[in-house]
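Based on the hints, put chain B in the right spot on chain A.
2 protein chains.
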Amino acid sequence: MKVHVSTTSLTDALAHVERVIPARSSNPGLSYLRVSLQGDVLTFSGTNMEIDIEARLTADVQGNGIFALPGQVFGQVVRALPGETVDLEFGEREVRIVSGNFDTKLQLVDADQAPQLEFPSEFSGKLRAAELSRVLSSVRYSASTNDYQAIFRGVKLELEQTHTRAIASDGFRLAYYHSEADSGLSGNLIVPARSIDEIIRILDEGEVGIVLGEGQFSLSTNGYRLNVKLMEGNFPDYNRVIPKDFPLDIIVSAAKLKEAVARVAVLADPATNNRIDLIIDNGVVNITAQGAYGGAQESVEVEQEGTDSQIALAYNAKYLAEAIRPLDGELRIRFSGVITPSLVYGVTDPGYLAMIVPLKTVTD
Amino acid sequence: MKVHVSTTSLTDALAHVERVIPARSSNPGLSYLRVSLQGDVLTFSGTNMEIDIEARLTADVQGNGIFALPGQVFGQVVRALPGETVDLEFGEREVRIVSGNFDTKLQLVDADQAPQLEFPSEFSGKLRAAELSRVLSSVRYSASTNDYQAIFRGVKLELEQTHTRAIASDGFRLAYYHSEADSGLSGNLIVPARSIDEIIRILDEGEVGIVLGEGQFSLSTNGYRLNVKLMEGNFPDYNRVIPKDFPLDIIVSAAKLKEAVARVAVLADPATNNRIDLIIDNGVVNITAQGAYGGAQESVEVEQEGTDSQIALAYNAKYLAEAIRPLDGELRIRFSGVITPSLVYGVTDPGYLAMIVPLKTVTD
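Protein chains in written order, with my numbering: chain A, 12 to 375; chain B, 12 to 375.
So here's chain A without its partners, still in its complex pose (with noise of 0.2 Å):
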């Protein structure tokens, strides 16, 4: 059994796969990555338990066949290959590697050693690949990495006609993203944000193929099929928390912004939670910190609207930073109060919203 195949093809198939294949695991066979040869398809699939990865490449292919080896050496192998092309040459106990002037053989092991995964063929909904990156990366920094909150380690992605909308929460902040984008689909997930990373590197162009399962989803984009397991639990609802009352707005070049904001915090002190604090008056924002070192001070103009014409209030630094960093453009700040949460919306893209709350600060 024979493939023929273009060494960038290979290389770039096999690199989504590999990622998630573990090295080593206790359950050995997670290390196994299953290839298929059947018509004119060469086929790789691998999974963590937590998503599974198929990546279908079209090659010259002779023969039928399900073979299994270790991912991580085969995409090292084969990202070392030297030549434009790649034989792949199956046999009962190894396979032969030949490019250019390389010549390697890998072991195999038993087919069935590794994991036979199963995806669907029917996708009943789908999206645009560039607008469900776009609405789940925006949120995706705002998941939790603490153990004790399990459910926050998630990012919610709700699906409605009207809709396409993601959420995710800290406990401390909140992302959210709307898109009107409608899937076809009806449904609340809850994703690892771990595979939340995995589904926006696979996105690219094109469109996506979901289907709603057991526990699980799949996604079908561009030659890969992934199916992701869903958490379990309920995410709290975060329409409670999002205050109504903005006695000041302001709007700001998302640029400027992030350039000052990364500036002072240089200064900002871990020990007080990164403390930037903002002034807003008279059409300035007037942005410091005070550290162990020293302090920090910039300005930029803004356009204020609403019935309170100044603010003085603090943020950690990081939050501040991360909230703003997926917008472009302009954006928009809405100020319920010195102590209960901001609002920070995309002007220029209006899809995006973060809440932030401010630090509590002595003088309060």
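Worth flagging that the hints you see were computed from the coordinates, not collected in a lab. Please note that a few of the clues may not be correct.
Since the list can't tell identical chains apart, any single copy or any two copies may satisfy a pair.
Pairs of lysine-lysine residues, derived as DSS-like cross-links and limited to a Cα-Cα distance of at most 25 Å, are as follows [to be verified]:
# : residue 1 : residue 2
1 : Lys-255   : Lys-371
2 : Lys-329   : Lys-116
3 : Lys-269   : Lys-116
Everything numeric in this text was worked out from a predicted model, so none of it was measured.
Chain B in isolation, oriented as in the chain A frame:
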């Protein structure tokens, strides 16, 4: 006291000094950067006790003075400055840093808290900076990282009227670079390998002035002055271990050999010292490795010379790869036998020599 200077010049000058300044140290003085304003020159200096570095920068300077402040924090602030120029305003207790919209005050410490370093003002020897860089960077990799042979953690630099030469060895291999450049000095220096790294980073264009001192040597190049502490002890006589008889030589393209070794090495087994096997016969070197997951094989054409027509031997792949890495164009390998040292020479660059010892294999 004020300084007006381009942000790029400031960042570059500071980067080299900042790198040797520890963020924290049991000797707190070491974490401080010394800043001096005099005439139209801004000077920074710092030390890690193994290497002292001073950077001099022509700038628009008003007033004279000496100041000290935490080196790492100042470096971080300077790298984040938004404007093309920066104004530094030194007061009694703080320095104000203004660049674009950015306005920071950093606290100063007493000037005498920072190490007070003295650099020679006359440099009796000189070399082209690029030549000294080539000499040192060609052998650096071969220095030891082990604690038990302290002297091998240094690089030996021989300065003679007829040559400038560097040697490094970890006791198992050796690298040597011979330049016919005459520094005008005569001496044998053993320099800690970490200080060699800093010297290589600073060497750029033009000339480097050199002067030998008591337990140290000093360099001056391109606005920088360095005092480099020397190691005490004697480097073993490398001439004694270099074989004299070579029944077989090969000449081969450095690029092709490097690539082939890198690819075959992927399969080499760490449990057998990353063994790769070379068989030279009939104008071809055949390189193979056999690891836990299979084997790799690659062939490269060579030009053979000598009384023997073939040889088969094994190396640690890492040692062979490192020995050929400094070379471009063509290289020569001289084989003294299957268990005695092999020598790698530059053909295109004849100043370079490396010695590696074949692995003892079970069949020997």
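The hints, checked one at a time:
no.	hint	result
1	Lys-255 <-> Lys-371	within (20 Å within a copy, 77 Å between copies)
2	Lys-329 <-> Lys-116	between (50 Å within a copy, 21 Å between copies)
3	Lys-269 <-> Lys-116	between (52 Å within a copy, 21 Å between copies)
Checked against the numbered hints above, the structure violates none of them.
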